[in-house]
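Throw the hints in and build the complete structure from the sequences for me.
2 protein chains.
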Amino acid sequence: MDNMKSVKELTRIMKADSFKMASLSADVRNKILARVKEVLIANASKIFEANAMDMDKAASDGIAQSVMKRLKFDEHKLEDVTKGIDQLISLPDPIGKTIFKRQLDTGLILERVSCPIGVIGIIFEARPDALVQISSLCIKSGNCAVLKGGKETTNTNKVLFELIYGAAVECGAPEGCMIQVTAHNEIDELLECNKSVDLIIPRGSNQFVQYIMNNTKIPVMGHADGICHTYIDKDADIEKACNIILDAKTQYTAACNATETLLVDRSLDKEALKKIAKNLEEKGHVKLRGTKEVNDIVSVELMNEDEFNTEYLDLVISIKLVDGVDEAISHINTYGSHHTDAIITENAKTAEKFMELVDSAGVYQNCSTRFADGFRYGFGAEVGISTSKIHARGPVGLEGLTTYKYKLRGSGQIVGDYASGKANFNFKDL
Amino acid sequence: MDNMKSVKELTRIMKADSFKMASLSADVRNKILARVKEVLIANASKIFEANAMDMDKAASDGIAQSVMKRLKFDEHKLEDVTKGIDQLISLPDPIGKTIFKRQLDTGLILERVSCPIGVIGIIFEARPDALVQISSLCIKSGNCAVLKGGKETTNTNKVLFELIYGAAVECGAPEGCMIQVTAHNEIDELLECNKSVDLIIPRGSNQFVQYIMNNTKIPVMGHADGICHTYIDKDADIEKACNIILDAKTQYTAACNATETLLVDRSLDKEALKKIAKNLEEKGHVKLRGTKEVNDIVSVELMNEDEFNTEYLDLVISIKLVDGVDEAISHINTYGSHHTDAIITENAKTAEKFMELVDSAGVYQNCSTRFADGFRYGFGAEVGISTSKIHARGPVGLEGLTTYKYKLRGSGQIVGDYASGKANFNFKDL
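Protein chains in written order, with the working numbering: chain A, -11 to 418; chain B, -11 to 418.
Note that these hints are calculated values from the structure, not bench results. Incorrect hints may have been included.
A pair holds if it fits inside one copy or across any two, identical chains being indistinguishable in the list.
[What the hints assert, rightly or not] Here are the simulated BS3-like cross-link-like pairs (lysine-lysine), alpha carbons at most 27 Å apart as the crow flies:
1. Lys395 x Lys139
2. Lys57 x Lys(-7)
3. Lys416 x Lys65
4. Lys228 x Lys410
Quantities reported herein were computed from a predicted structural model and do not represent experimental measurements.
Structure follows, in structure tokens:
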């Protein structure tokens, strides 16, 4: 934070002003986004310079090359985020939508109208493009935001935040509508602000998200782990299965939607399993782990039943044979994390059963679990993926950042008249 | 509970079988409801006998007459609940609705489909009709339910539960899809079942709901307090104002949607305030409390600013003068509980501002705050009223008991092809 006020005090002020933010017109919110895009482009060299400092520091700290890639904010990333902003501007306004309108009685009209949630705290990994995406989503949805990014990109984040926040206030957003917290101990402070923060969205490791969930009274939206499954049914097309599982496991192993466990129908031809395993090992350099039964067919590292709740986030996969779709479903519901699970089958009926009964945010047929993503779902961007069944589920875009209120317009109606029978409800959807 | 298994074990089994409950067809769920109605009517005398035992016990325990009324389950209440069941049967199925359908690319189709939440724990006050309503809502929405009713109606609840559960299983619901817990210590046990219970809905006193919210990792939906306001604007019709505030305060003082604070525009004619106050005192026997400024106009018991967060649930009201709609809004957002708040004004622009900026589940113009209720909103019934902004807000009917999942059907698509540019997304809403 750039000034001496505590997180508690800043969020208290933010909450009080969140109604001003909420009542900005769609036009003003889109103008802010357009201005954000302009200032990012105009200040590109300043952003790249700050990013170079972060990259130098990361290199001298010996941070792994794969992580370095995420820290980088270059011409290419700038183009991505400005494209994202354009897409957001073009999306319909999520706020002020009448979801339904109903006459309760003559002259007594109920409306349900979407509105912003209010104040949202987002704690995210060291990825400068995430900062731009998240703050743009909050602007478009009329929410105030408390942002805490990963420390490895402190310099880049500082420049990006100042540009975005400056553009917002310049175009009419209330002062204090966005703040950035930088010190790690401020996370704990934020978690105590249940009077003023309406929602916390944590992104990061399982352990970190669990910590957040266990240490705040504020509702938390997100996912702690992503134990995704791909189940290969006896009616699978083996070519498709080979391709899909290779992609689901290896296309980006660190992602929450990467497949961690491969379930295979016991009645599937043994040669098919051999082919799938070979493809994973040879093309994907994936280490195979599995039960003794699997090991009788292809050579794997033996594992116990209770290890099937492992999220590797690495080139490792668990393999198990199951008695058809029923056991696959029950295995996934028991060991999975209700994130995203896929079935590979050409049998529509089997697929339907799987998709009906697997209790996950995403249930897929014949495609890679890696598709679970706000951009790939056409949401423009995402603030995170939720495995909770309350509020938003799956990739969360603009809609997950809104709530609604009921507006009731009358002309003097009182409940006593309806209780006594003097008046009667006359429901009619309008 | 009727057997020796622990709540933890029972909910574990319930969770595992919740997918069977979720996959019952709409037809079967409606058949269960029709059967519930039949068995309730056929066993009316058995229910009334059990209720007579509860009423006798309550009378000998010296329970207040106003509470006794709620415990009673007679011919009239039976008619109400069976009417409610008929209404529920006639409502459209909340489950399996395709909320949207989108092509991500040729042959890659995303659908968002509504589904039950799973296992819901509901802790409710001693009102036998509530047991019938809540379990009917859970059946219609395909959810499993753990029910804990107030102890004062133990006998009635036992008979009602057995009839409803029996009807459910008879018509095809899985065994164990509903359980009733009766011992108070089982509430604490239930709060620890975060692996198997998806949502807790507590109804009861502020203190009780707070206790639940502070002692579980399970998401909680409900409201701790109902500090509702009615604001009388300078452009109010005083006749309407008199009627509405009298109803809002006195029609049912123990309800969470009763008005607790009356805000009056400082520029309103003093005679108008006198008239409103006299009406409350004489017709409603309401004790007035207010600031010194109010006391200069009408005689009130003096109160301090920090007492405006009081929920009386009694024939008492707080009164304060404010500088027009702006101060009314900020007072409500500061001292209110985000439940339901009304403005009395003939000025559409002022009303619009109030309804836009008051941060509550219900914002009303020219009608009583007592309208905040699932039945009065035309939802058939409610499981509770939510003041949370996450998931359902306001009176919660069938829709609040559902979530959704994303179904993605492909034909071998992998993310690698889209990342490399070999394939491109081709979004199209279907």
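Against the structure shown, which of the earlier numbered hints fail to hold, in ascending order? 1, 2
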